[in-house]
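J.: Each chain, letter by letter, is given below.
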Amino acid sequence: MCGLCGVLSHADHWTIGPAGLRDAGAGRPEADRHLQAFVANETLSLFGLKLESWGGRFVLRGRTGKTAVIDNLGTMWVEAERLLGRPCDPLDPAILAKLEAC
Amino acid sequence: MNERSEPIVANLLTGFLGAGKTSLLNRLLSRPALADTAVLINEFGSVGLDHLLVESVDDDIVLLKSGCICCTIRTDLKAAILSLFDRMRRGEIRRFSRLVIETTGLADPAPILATLSVDPMLKFHFRLGNVITVVDVPNGIHNIESFPESARQVAVADRIVISKADLAGPRELQALQDRLARMNPAAETVVLDETSYPAETLLLDTIHDLGARPAEVARWIAAEALEGEGHGHDHDVNQHGNIRALVIEADEPISWPRFALWLSMLIHRHGREILRLKGLIAIEGAETPVVIQGVQHLIHKPVHLDAWPDAARRTRIVIIGSGLDRELMQRSFDAFNLKRQPALSA
Chain A
1 MCGLCGVLSH ADHWTIGPAG LRDAGAGRPE ADRHLQAFVA NETLSLFGLK LESWGGRFVL
61 RGRTGKTAVI DNLGTMWVEA ERLLGRPCDP LDPAILAKLE AC
Chain B
1 MNERSEPIVA NLLTGFLGAG KTSLLNRLLS RPALADTAVL INEFGSVGLD HLLVESVDDD
61 IVLLKSGCIC CTIRTDLKAA ILSLFDRMRR GEIRRFSRLV IETTGLADPA PILATLSVDP
121 MLKFHFRLGN VITVVDVPNG IHNIESFPES ARQVAVADRI VISKADLAGP RELQALQDRL
181 ARMNPAAETV VLDETSYPAE TLLLDTIHDL GARPAEVARW IAAEALEGEG HGHDHDVNQH
241 GNIRALVIEA DEPISWPRFA LWLSMLIHRH GREILRLKGL IAIEGAETPV VIQGVQHLIH
301 KPVHLDAWPD AARRTRIVII GSGLDRELMQ RSFDAFNLKR QPALSA
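As they're listed, the protein sequences go chains A and B.
All letters in the first sequence, in the order written, are residues 1 to 102 by my numbering.
All letters in the second sequence, in the order written, are residues 1 to 346 by my numbering.
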């Protein structure tokens with residue numbers, strides 16, 4: 001269960017989008033998670049992290065082998081910062097410069 | 001018993017000390033259309049005077065006695081709401097289809113909204129309605145500039161009721177309206193004096209109703225235009241005067257997963273500064289926009305609109321917050337969301 005938002009399952013979280021959007025797109029929870037992980041890894045790779053869809057949830061892996069199991073993107077950043085030991089800030093100019101160079 | 005398909009609408013009534021919350025509530029509850037309204041009042045200090053003024057709903061009132069809702073008694077808030085619901089279900093009080101939670105004048109509404117929105121039991125029986133903030137003309141600007149709670153109450157409002165308009169001059173009223181428009185241009189504003197009665201739609205039309213959504217979105221778009229005219233560029237350096245609205249825009253459709261990633265990262269790190277967020281999002285592969293709303297760390301479930309509300313089929317996000325750099329926010333949005341390979345090709 002998400003400590004921040006109290007959500008019991010991945011399917012309830014806002015990050016997966018509105019129902020209509022899911023119906024028009026992949027539509028299956030497994031495919032949604034796969035797509036979310038693919039997109040998240042574009043950014044997480046800048047921090048040396050990798051996200052994988054796993055059994056209805058996600059596993060977040062660090063370079064040193066540390067892992068965290070998460071339910072949704074809402075809790076991912078808490079675990080990402082814990083694994084990294086530093087903030088993940090989308091307004092950090094250094095991160096923005098890396099993304100802009102992609 | 002209330003069915004799950006018809007959750008009770010929970011509205012939040014807030015405003016600084018002496019702004020006129022209870023007076024407004026009293027006048028609202030005199031309307032027949034709002035007779036099925038229950039009230040929760042949070043008393044601050046040892047004597048709860050406010051409830052004595054709410055006359056028509058005695059049996060439906062629950063007083064929270066432990067202090068300020070937002071900081072010390074969120075479990076009390078949950079317990080009080082569920083207790084009210086159970087009393088209704090047992091037939092001890094009359095049925096109600098609407099709840100008004102009147103906060104203390106010193107409350108930050110955001111944690112209260114979070115409690116209502118994320119607790120599984122509360123979510124099952126209740127849904128969020130409007131955040132109504134009362135600001136009085138004689139003291140409003142002073143309170144906003146002097147007390148962070150007052151500024152935050154304005155920032156998160158869906159409806160702002162300007163009270164006691166007859167107790168000050170037109171210049172003071174205009175100054176307050178200008179200040180409120182800079183801080184929260186997306187909120188509907190209503191001006192009342194001590195004798196006028198507020199429209200019952202303050203409680204009946206909520207921002208989450210499908211029927212009201214087009215009007216709400218039209219208001220956000222108007223707010224965007226206002227910001228574009230320069231009203232959002234407030235250089236006020238008062239301690240709490242740095243709450244302002246900014247708009248992020250994009251012409252091309254974006255990937256929902258990328259947007260969700262960016263927004264989740266943004267609110268994780270900057271949720272305290274982002275007091276309110278409302279947006280129309282143009283999504284790759286979708287004909288109509290997605291509406292997103294949030295308060296601090298809390299993002300409501302996004303919904304699809306049936307149609308675009310205007311000719312400009314582009315992403316527009318109004319963010320109300322403190323200490324936010326618009327150019328940096330736009331740059332961040334662009335870097336995460338634009339000029340990337342389509343995510344659907346994954």
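By construction, these hints were calculated from the structure, which means they are not laboratory data.
Hints may contain errors.
[Unchecked claim] Quick list of in silico lysine to aspartate or glutamate cross-link-like pairs, EDC-like style, CA-CA up to 20 Å:
id: 1; chain 1: A; residue 1: Lys98; chain 2: B; residue 2: Asp334
id: 2; chain 1: A; residue 1: Lys66; chain 2: A; residue 2: Glu52
id: 3; chain 1: B; residue 1: Lys123; chain 2: B; residue 2: Asp76
id: 4; chain 1: A; residue 1: Lys98; chain 2: B; residue 2: Glu327
id: 5; chain 1: B; residue 1: Lys301; chain 2: B; residue 2: Glu6
id: 6; chain 1: B; residue 1: Lys123; chain 2: B; residue 2: Asp178
id: 7; chain 1: B; residue 1: Lys301; chain 2: A; residue 2: Glu81
id: 8; chain 1: B; residue 1: Lys123; chain 2: A; residue 2: Glu79
id: 9; chain 1: B; residue 1: Lys78; chain 2: B; residue 2: Glu145
id: 10; chain 1: A; residue 1: Lys66; chain 2: A; residue 2: Glu79
id: 11; chain 1: B; residue 1: Lys123; chain 2: B; residue 2: Glu6
id: 12; chain 1: A; residue 1: Lys66; chain 2: A; residue 2: Asp92
None of the values given here were measured: they were computed from a predicted structure.
J.: So which of the earlier hints does this model not fit?
T.: Checked against the structure, the hints that fail are numbers 6, 7, 8, 9, 12, while the rest are satisfied.
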